[in-house]
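Make a model of the complete structure from these sequences and hints.
From first to last, the protein sequence lines stand for chains V and W.
In terms of numbering that gives the first Met the number 0, the first sequence is residues 0 to 407.
In terms of numbering that gives the first Met the number 0, the second sequence is residues 0 to 437.
Don't take each hint at face value.
To be verified - Have a look at the derived ranges for each label pair, beta carbon to beta carbon:
#, chain 1, residue 1, chain 2, residue 2, range
1, W, Asp285, V, Ser298, 28 to 36 Å
2, V, Tyr346, W, Tyr351, 54 to 62 Å
3, V, Leu272, W, Pro262, 46 to 54 Å
4, W, Ser342, V, Leu272, 58 to 66 Å
What the hints assert, rightly or not - Listing some non-contacts, in silico: residues in chain W with all C-beta distances to chain V over 10 Å:
#, residue
5, Arg233
6, Gln380
7, Glu383
8, Ala387
9, Pro414
Said to hold, decoys possible - Covered, in the sense of this in silico footprint (three residues per stretch, anywhere, with C-beta under 8 Å from a C-beta of chain V), are these stretches of chain W:
#, region
10, 192 to 204
11, 220 to 231
12, 319 to 328
I should point out that these hints are in silico values taken from the structure, not numbers from a laboratory.
Glycine included, C-beta positions come from ideal geometry on N, C-alpha and C.
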Amino acid sequence: MFIFSLLFFLPRPALSQLVLGQYEDEAPLQTWNTFGITTAASLSRGGTSFTLSEGSAVSFSNPSLLVKLPKFTLSFSGSYRTTLLNKYGIVNTGPFYSPQNSAFGLYTGDFAGISLNIRGWAFSLSVGVRENYSRPEVNWDFEFAGQLYYSIKYNQTGTLFNYNFSLAKKLTPGIALGLGLNLIQGTYEKQVEEQWIKANQTISDDKVHDFHGFFVNGGIVFDISENFTVAAVVRSPYKKNADSESLYRFIDSSIGTDIQIDSSETSIYYQPLLIGLGLQSNILRNLTIAADASFFNWSNYEVSYFGETLRRDFKDVIRLNAGLEYSNEYPLFNTILNVPLRLGVIYDPQPMKNPNSYYFCYTLGAGIHYRNIHLDVGYISGKEYGSGFDLAFKRIFLTFNYVIGQTI
Amino acid sequence: MKFIDKINSWNLYAKRLLFLLFSLAFFLVPLLPQNYASTEIISIEKTHENRGKIKKLHLDLLMEKDGRIYIVADLEDIAGLNDQSVPFILETHNFPPVHKTNVSVQGGANGDFHSYTELERDLLDLENTFPDLAKVYDIGDSLESRNIYALKISDNVLIDEDEAETLFLGCHHAREWISVEVPYLIGKYLLENYHLDVSIKNLVDQSEIWIVPLVNPDGLEYSIHFYRYWRKNRRDNGDGTYGVDLNRNYGFQWGYDNNGSSPSTSSDVYRGTAPFSEPESQAIRDLYAQHHFLSLVSYHSYSQVILYSWGYTFQPTDQDALLNELARNMSQRMQAVYGRYYSFGQGSGSLYTTNGDTTDWSFGTYGIPSFTLELPPSSAQLGEFFNAEEDIQPIFQENLQAALYLIEWAIQNKPLPQDSFDKIVRRHRSKITTTLKK
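Here is the structure:
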C-alpha cells in the first residue's frame with residue numbers, strides 16, 4: 000500500500016537541470032556530485048551512506064561497512080527518474096528555443112553486486128551506473144504546403160559504469176577499514192544533424208567519447224559506542240580518460256560534395272578528490288539518525304577536450320545529507336517481518352560559480368525485509384535554487400537484496 | 000593538373016630564392032639573428048666520384064633518394080664541396096624548417112582549424128619567437144570574457160612609428176572557420192619570411208600590420224562545441240534567443256533598413272540594440288581610434304568575392320573607381336596563384352545589402368579602402384561554410400598575394416605628415432581617371 004502511495008507522488012514530468020546556465024557536454028544528468036551509488040535504502044534516508052550498510056553498494060561510498068553486512072548479499076537496484084532540462088546541447092543556447100523546460104524520463108538499472116563477509120574479512124564485487132549523459136532528443140521539421148523543407152535533429156546519450164572490487168577488514172571489534180579498487184568505463188555519443196531537403200544538403204556534427212579510468216576509494220568506520228558510529232571516507236582524484244572522435248560533415252548529394260573535418264584525440268576530465276565524514280546514532284531502540292558531509296574539490300577540476308584545455312570555473316562544494324530510519328518489526332510465520340520507514344533531506348550545492356546554485360531534496364522510503372529477501376523503495380524530490388529556471392527532479396528507486404545471515 | 004603545376008612552379012621559385020639567399024648567407028652569416036640555423040640540408044648527385052668526395056669531407060649523410068644523396072651541411076662543409084667542384088641543390092625548404100616557430104599542429108575537435116585557445120597559444124608563440132617583429136595585444140574582452148587578440152607586425156614593433164598601417168580582421172561570424180586561418184597565416188608568413196625574403200622585409204619595415212584573426216571568440220567556441228552553423232556572438236537577448244550579428248553592429252548607417260540587417264533578435268542578421276552595443280565590435284572601434292589605418296580587409300566566407308562599399312545602398316561611393324581598381328588588382332593576384340577567380344564589386348550589388356557592417360563603417364568613417372573578402376567556396380553546393388582542411392593552405396596562399404598588395408598600396412599611399420588622406424585619394428583617383436581615359 001505504501002509503495003502504491005509512493006507512486007501517487009510520481010510527478011508529471013518534473014524538472015532538473017544539470018548544466019545550470021552553461022552547456023557543458025560532460026555534465027552528468029541531475030547533479031555533478033556523483034560520489035557513491037545510490038540505492039533505495041540509502042537514498043530514502045537522505046542519501047546517507049557512510050555509516051549505515053545495506054548491500055554491497057556500500058563499497059562505492061565506504062567499503063569498510065562491508066564487514067557489517069550479512070555473510071552473503073546479492074543486490075540489484077534500478078530507478079525511474081523524470082526531469083526537465085532548460086539549457087543543454089542546442090536547446091535554449093542558441094539555435095533551438097523551447098519556451099518550456101524539456102521533459103525527460105529515464106529508466107536505468109543502477110546497480111548489481113555481491114558481497115561476502117567471513118571471519119572479519121569482507122569483500123564485494125559490484126557494478127553501478129556512476130553517471131548518465133542522456134538528454135531529451137530534438138526532432139524538428141519545417142514543412143510548408145505539405146512539403147518538407149528542413150529538419151534538425153539532436154541526440155545525446157551516454158552512461159559511465161563503475162566496476163568496483165572492495166576489501167574490508169575488521170581491525171578491532173569497533174573499527175573496520177576498507178579499500179575499493181574502481182574501474183570506470185562508458186560511452187558518450189552526440190549528434191547534431193541538419194538537412195535542407197530541397198537543396199540536398201546535410202551538415203552533421205558527431206562526437207563520441209569512450210571513457211576509461213581508475214581510482215581508489217577507502218573508508219574507516221568506528222563504533223564509538225553501541226549507539227554511536229562515526230566514519231571517514233575518501234575517494235582519490237582521478238582522470239576520466241576518453242578516446243574521443245569528432246566528425247563535422249557537409250554533404251551536397253546533388254553534385255557529390257562531401258567535406259569531412261575529423262579528429263581523434265584523447266580527452267581527460269580530471270575528477271576531484273572527495274573527502275567525507277559521517278555519523279550515525281541510535282537515539283531510540285528503533286530509531287536511527289545519520290548524517291554525512293562530503294567535500295568535493297571541484298576547484299581543481301580541469302577538462303582537456305580533444306587535447307585542448309577548456310575553461311571550467313568551478314568551486315569546492317560540501318554536500319550535506321541527513322536522514323532517519325524507523326524500524327517496525329512484526330512477527331509473521333514464526334519469523335520477524337521488518338518494515339523500515341525512512342526520511343531524509345539533502346543539500347547539494349553545484350560546483351559552477353555562475354550561477355551559484357544548489358539542490359534541496361526531500362527523500363522518503365520504506366522496505367520490507369522478510370527472511371532472506373529485502374525489498375526497498377525510495378523516492379526523492381529535488382528542487383534547484385539559483386538558476387532562475389525553477390528546476391527540479393524526481394526519482395523512484397527499487398532495490399532488491401538477497402541476504403544470508405544477519406546484519407552485524 | 001593545373002593546381003599541381005602551380006605548386007611545382009612555386010616550389011621552383013622557392014628553391015631559386017632560397018639558393019640565392021643561401022649564397023648570400025656566406026657573407027651575411029655574422030649578421031643573422033641567433034635563432035637562425037647554422038646548418039642546411041643539401042643534395043648532390045649520387046655518383047661513385049661524389050661518394051668519394053663526401054667520405055673525404057666527413058659529411059653528415061641524411062638519406063639517399065631518387066638518385067641523390069642528402070646531406071646535413073654547415074657552411075664549412077658547403078665550402079668544402081665548392082672547393083671540390085661538387086654541384087649541389089639546397090633542399091632545406093623541403094624539410095621541417097629548423098628556424099621556424101614551433102610547428103603548430105592543431106588538435107581539438109575541429110581538426111586543423113584553430114579554436115580560441117589554439118589561436119591564443121599560436122599568437123603568443125609568434126610573439127615569443129619574433130619578439131622584435133611581433134607583439135600581441137589584448138584589445139578587449141568578449142561577452143564571455145575571452146580575450147580579443149590583435150597581432151601587430153613591424154620592425155621596432157614596440158614603438159608606434161609613423162608608418163602605413165593596414166588591418167586584417169577575421170571571424171566576425173562564428174561558423175566561418177576559414178576566416179580565422181587566413182589572417183593568422185598571413186601574419187605567420189610575414190614573420191617567418193622577414194629574414195628570408197627581402198620584399199617581405201621591406202613591407203614589414205615600412206608598415207605596421209595589424210591582424211585580429213578572431214573577432215568573435217565566443218561564437219567560434221560555440222560553433223565548435225555545440226552548433227557548427229552558429230553565426231552571431233553569444234549575447235543573451237533575454238527572450239530566449241542568442242546573439243548579435245557583429246557584422247551588422249557597426250556604427251555607420253546602423254539599422255538603415257530592415258533588409259541589410261534585422262531588428263528581430265532571432266534573425267541571423269540581428270543588428271543589436273544600438274550601434275556598437277557589443278564588446279567585440281567595440282574592441283575594433285577602439286582599435287581604430289588608436290591608429291591610423293590606411294586599408295582594411297575583413298575576411299568572411301563563403302562566395303569567393305571581394306566586396307567594397309557601399310553595402311547599405313546601391314549608390315556607389317565617390318571613390319568607386321579606386322576601390323574597384325584595388326579589388327581588381329587583388330583578384331588578379333589571387334588568380335595568378337592557383338587560377339581561382341575571386342569576383343569583385345560593390346557589396347550591395349555583388350551579394351546583398353548590408354548595413355552596420357565593418358566595411359561601410361571603416362570606409363564611411365575613416366575614408367580608407369576597406370574590403371569584405373568572402374573566401375571560398377564560391378557556392379553553397381561546394382560546401383557553404385565548410386572548407387576541407389587541405390584547402391586551408393591554398394586559400395591562404397592566394398589571399399596572401401592580395402594582402403601583400405594591399406600592404407604595399409598602403410605604404411605607397413601613406414600621406415605625408417602635412418597631407419590629408421583626401422589629398423592622397425584625390426591624387427590616386429586622378430591617376431585612375433587618367434588610366435580609364437586612356
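Tested hints:
{"no.": "1", "hint": "W:Asp285 to V:Ser298: 28 to 36 Å", "result": "holds, 34 Å"}
{"no.": "2", "hint": "V:Tyr346 to W:Tyr351: 54 to 62 Å", "result": "holds, 55 Å"}
{"no.": "3", "hint": "V:Leu272 to W:Pro262: 46 to 54 Å", "result": "holds, 51 Å"}
{"no.": "4", "hint": "W:Ser342 to V:Leu272: 58 to 66 Å", "result": "holds, 60 Å"}
{"no.": "5", "hint": "Arg233", "result": "violated, 8 Å"}
{"no.": "6", "hint": "Gln380", "result": "violated, 5 Å"}
{"no.": "7", "hint": "Glu383", "result": "violated, 7 Å"}
{"no.": "8", "hint": "Ala387", "result": "violated, 5 Å"}
{"no.": "9", "hint": "Pro414", "result": "holds, 44 Å"}
{"no.": "10", "hint": "192 to 204", "result": "violated (count 0)"}
{"no.": "11", "hint": "220 to 231", "result": "holds (count 7)"}
{"no.": "12", "hint": "319 to 328", "result": "violated (count 0)"}
Checked against the numbered hints given earlier, this structure breaks hints 5, 6, 7, 8, 10, 12; the rest are met.
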